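Trainee: Line by line, the protein sequences give chains A and B.
As numbered in our numbering, residues 1 to 439 make up the first sequence, in order.
As numbered in our numbering, residues 1 to 325 make up the second sequence, in order.
These are calculated hints, taken from the structure and not from any lab test.
Fair warning: this is a prediction, and the values are worked out from it, not measured in the lab.
Among these hints, one or two may not hold up.
Claimed, not checked - Calculated cross-link-like contacts (lysine to aspartate or glutamate; reagent style EDC-like; alpha-carbon spacing at most 20 Å):
1. K97(A) to E85(A)
2. K433(A) to D308(A)
3. K311(A) to D191(B)
4. K262(B) to D125(A)
5. K254(A) to D191(B)
6. K260(B) to D115(A)
7. K270(A) to D191(B)
8. K262(B) to E293(A)
9. K375(A) to D191(B)
10. K433(A) to E268(B)
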Amino acid sequence: MALSGIQIYKLLPQTNCKECGFPTCLAFAMKLAAKQVELSACPYVTEESKAQLAESAAPPIRLVSLKSNGYEVKAGNEVVLYRHEKTFYNRPGVFVKVQDDRAIDDIKAEVARADAFTANYVGIDLTIDGIAVESVSGDATKFADAIGAVRSASQKPLIMISLNSDVMSAGLRAVDGETPLIYGASVDNWEAMAELAKQHKAALAVIADSLEGLVDLTEKIKGKGVEDLVLHPASAGLSTALIMNTQIRRLALKKNFRPLGYPSMAFASKSADAAQAITKYSGFVVLDQFAPELAYPILVLRQNIYTDPQKPIQVQPGLYEINNPKTDDPVLVTTNFSITYFSVANEVEGSGLPAWLLVTDAEGMSVLTAWAAGKFDSERIAKAVKTFNVADKVTRHRLVLPGHVAVLSGELESELPDWEIRVGPREAVDIPKFMKQAL
Amino acid sequence: YMPIEIPIDKWPGSVRAITIGAMQSEGGTRERTVVVGGEKAMPYMHFESEMPHPPVIGMEIRDRRPDDWSPLLLETWKDVIDDPAKWAKAAEDTGVDLLVLYLSLTDREGNETTPEGAVSAVKSVLGASGLPLVVFGPGQAELDNNLLVAVAEATKGERLVLGICEDKNYRTIVATAMANGHLVSARTPMDVNLAKQLNILITDMGLPLERILMDPTTGALGYGIEYGFSVMERLRLAALQGDNMTQLPMIVTPGFEAWKTKESKVGEGVPASWGDWLRRAINWETLTAVALLESGADIVVLRHPDSVKQVRVAIDELMAVHQTV
Ligand code: B12
Ligand code: SF4
Numbered sequence: 001m002a003l004s005g006i007q008i009y010k011l012l013p014q015t016n017c018k019e020c021g022f023p024t025c026l027a028f029a030m031k032l033a034a035k036q037v038e039l040s041a042c043p044y045v046t047e048e049s050k051a052q053l054a055e056s057a058a059p060p061i062r063l064v065s066l067k068s069n070g071y072e073v074k075a076g077n078e079v080v081l082y083r084h085e086k087t088f089y090n091r092p093g094v095f096v097k098v099q100d101d102r103a104i105d106d107i108k109a110e111v112a113r114a115d116a117f118t119a120n121y122v123g124i125d126l127t128i129d130g131i132a133v134e135s136v137s138g139d140a141t142k143f144a145d146a147i148g149a150v151r152s153a154s155q156k157p158l159i160m161i162s163l164n165s166d167v168m169s170a171g172l173r174a175v176d177g178e179t180p181l182i183y184g185a186s187v188d189n190w191e192a193m194a195e196l197a198k199q200h201k202a203a204l205a206v207i208a209d210s211l212e213g214l215v216d217l218t219e220k221i222k223g224k225g226v227e228d229l230v231l232h233p234a235s236a237g238l239s240t241a242l243i244m245n246t247q248i249r250r251l252a253l254k255k256n257f258r259p260l261g262y263p264s265m266a267f268a269s270k271s272a273d274a275a276q277a278i279t280k281y282s283g284f285v286v287l288d289q290f291a292p293e294l295a296y297p298i299l300v301l302r303q304n305i306y307t308d309p310q311k312p313i314q315v316q317p318g319l320y321e322i323n324n325p326k327t328d329d330p331v332l333v334t335t336n337f338s339i340t341y342f343s344v345a346n347e348v349e350g351s352g353l354p355a356w357l358l359v360t361d362a363e364g365m366s367v368l369t370a371w372a373a374g375k376f377d378s379e380r381i382a383k384a385v386k387t388f389n390v391a392d393k394v395t396r397h398r399l400v401l402p403g404h405v406a407v408l409s410g411e412l413e414s415e416l417p418d419w420e421i422r423v424g425p426r427e428a429v430d431i432p433k434f435m436k437q438a439l
Numbered sequence: 001y002m003p004i005e006i007p008i009d010k011w012p013g014s015v016r017a018i019t020i021g022a023m024q025s026e027g028g029t030r031e032r033t034v035v036v037g038g039e040k041a042m043p044y045m046h047f048e049s050e051m052p053h054p055p056v057i058g059m060e061i062r063d064r065r066p067d068d069w070s071p072l073l074l075e076t077w078k079d080v081i082d083d084p085a086k087w088a089k090a091a092e093d094t095g096v097d098l099l100v101l102y103l104s105l106t107d108r109e110g111n112e113t114t115p116e117g118a119v120s121a122v123k124s125v126l127g128a129s130g131l132p133l134v135v136f137g138p139g140q141a142e143l144d145n146n147l148l149v150a151v152a153e154a155t156k157g158e159r160l161v162l163g164i165c166e167d168k169n170y171r172t173i174v175a176t177a178m179a180n181g182h183l184v185s186a187r188t189p190m191d192v193n194l195a196k197q198l199n200i201l202i203t204d205m206g207l208p209l210e211r212i213l214m215d216p217t218t219g220a221l222g223y224g225i226e227y228g229f230s231v232m233e234r235l236r237l238a239a240l241q242g243d244n245m246t247q248l249p250m251i252v253t254p255g256f257e258a259w260k261t262k263e264s265k266v267g268e269g270v271p272a273s274w275g276d277w278l279r280r281a282i283n284w285e286t287l288t289a290v291a292l293l294e295s296g297a298d299i300v301v302l303r304h305p306d307s308v309k310q311v312r313v314a315i316d317e318l319m320a321v322h323q324t325v
């Protein structure tokens, strides 16, 4: 937990020597508490005080990042229990699992599919973050070979799964220089796993079926000098997982309880597991297998839940050209809420027909929301027509309104007397048909 | 082991427990009733308080074939889709806890739905299934009122849920619910204060809070679910903090929302990365529903039997108590 100015003052030399540039140690402490200066400006703080200040400045949930070949997946650093209190920051890493008892070519093919997966959602390319490789054979060579196969098909970060330290060691040697997550340390093998994590600078998953068990392990492992830990509350069923994840986050945030101040992880064998992991606090999610029809909605859910509630995702207002419109092509009007813009733009693009898309500044709201809030009315639309010089770009003055705001057409006709105002369909899916038949 | 002091949220308030449907002994004809609500803690925090009633699943059915539905749903229900009684029975057979009948704007011939038509659809559903029933009007104030008043009178004592009450149109529906022993569903557009206000207006008319469900509105996955998710968490927190006018069970319609999306509705000409159409659509509905259960939904209304199965498994797991107070 952050210290107050007074608490910091007690850790300073209290000699008021002014070398930090402030008249008193207290003044300096106040600036430190407000994070406006660096502690290094005072040459006289003791090592002990430094350590205490550093500890207090550490985030309540440690940031753990997995790295490989230019890729990075981060989890942790969260500050709230409910997203409306501020926002959730680090989108949980979504990993796809493969097992080492499969034929090498199968592994390669499956991983290549997962690696190549990309789905565009409101202009954002959604992808899988990494691959989890599980040793089910128990054979060190097989595990290393499977990891080699994965690496030939994907360069993304790895989660390596085996409770056997010899197997894990073979796996780690196959990807030296990376920062994978190794899974994991249980009450039986933690010393050997901690040793491996230290040697290879890997992050280490800690496995226990109770909070006490997790705390016991994280404390011991931290004592061995390994700090990048990920908690796996190993539980049967959704309710226990939810409760343990909630308790972990509460303890970390409300009590600054260091032994559980780490991101957590979950394994998802069904869609509900993934939905809970995303909405309720997991930092890494391992999917049992890759299927685009599940990966896509999971990644969309993650995108939605991790959107900053204070900032709806928006696009820049302006006049957009779709399929190289000419001066006699129609002008379609919409708002600058990303979901709205992309629903419409994708349909127009898919229709193959050229059109201008006039995106008004509706403060990032959907058509009906903006209309209800008075941010998408005839005045604003007319203003956008002027601001973006639409009349100069087209010779045929034809404007198409979203079907949901058909009521605006009368007013808009008076605002823009030399324009023909048309009402389009309500839903974007019907735009291509409308453009073909009615325009 | 080092003892851990787990922070416990102690809440002064709780959600009201509300019974939907009435059995014969209670003046209705239902074979079963359901109770929703009663929470004294945030969802599934069994270590803080017992959760007396599990969330329930409703199935959306229609009084006539809904032509604008996804072809996948039309295929699923094809044998029953033109007969609300058969549809009700088939829906019951999927294992849902209640039925949600939407009355349409027009009948098969394109004529505006009449009160007689609405009553006959409701009666045939009540005759075919013993489950508790929610009845929603087509969503146009005047017609909603005409149809729902007729339905309420013809089913006096059944403890149906009638909807949708909105700030612009609630008086007639509330009055008829009050006169005929029914409940209402109060919908507001994703806003804590609007939800409270509408509940105040409705109780001001004399309908007790024990007969109101609230529908905070939700968006589908990818289309605004995050707003619904957060407003439900805020409403539930307000209820637990003791705000009387938010202490109502929440009903949401993930089926309706999810099946509106292009991802569920369209199978051709979509990106290959969207994967198998049917499974994608089911996942869309299931993920939307489960996310809303996590944020406090008491009733989720679905459209596809496979989603019902998956959501049921999720509810059973969420209700399993392994660790108590
Ligand atoms: C999410 C949401 C919100 C979010 C805002 C999200 C945002 N950034 O816009 C929040 C919670 C903030 C919100 C607030 C409000 N909301 Co609101 N909200 C919704 C909700 C659930 C979904 C809206 C959405 O995102 N839709 C998805 C987008 C993609 O849809 P769209 O923009 O309409 O685009 C589609 C079509 O219009 C079409 N289209 C778009 N452009 C074009 C262009 C052309 C040419 C064509 C042909 C087609 C076309 O294509 C798209 C895809 O089909 C709807 C209800 C619902 N389930 O639909 C209510 C809804 C829009 N909200 C409503 C209201 C009343 C409000 C508030 C006024 C409530 C209040 N008093 O607080 C406020 C207003 C905002 C404010 N004052 O700050 C009402 C509007 C009622 C009405 N008919 O007037 C709705 C319909 C809910 C309801 N049934 O009452 N809301
Ligand atoms: S340099 Fe250090 S000791 Fe000197 S006044 Fe500043 S804080 Fe105090």
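Trainee: The structure should be examined with respect to each hint, and the outcome stated for every one.
Mentor: Right, here's what the structure says about each hint:
1. K97(A) to E85(A): With a Cα-Cα distance of about 34 Å, the restraint between K97(A) and E85(A) is violated, given a limit of 20 Å.
2. K433(A) to D308(A): The hint is violated at about 35 Å.
3. K311(A) to D191(B): Given that 20 Å is the threshold and the Cα spacing comes to 17 Å, the pair holds.
4. K262(B) to D125(A): holds, 18 Å
5. K254(A) to D191(B): Given that 20 Å is the threshold and the Cα spacing comes to 27 Å, the pair is violated.
6. K260(B) to D115(A): Since the Cα atoms of K260(B) and D115(A) sit roughly 30 Å apart, the hinted pair is violated (cutoff 20 Å).
7. K270(A) to D191(B): Violated: K270(A) and D191(B) sit about 32 Å apart, past 20 Å.
8. K262(B) to E293(A): Since the Cα atoms of K262(B) and E293(A) sit roughly 14 Å apart, the hinted pair holds (cutoff 20 Å).
9. K375(A) to D191(B): It holds: about 18 Å lies between the C-alpha atoms, which stays within 20 Å.
10. K433(A) to E268(B): It holds: about 15 Å lies between the C-alpha atoms, which stays within 20 Å.
In terms of the numbered hints stated before, the structure departs from hints 1, 2, 5, 6, 7, listed from lowest to highest.
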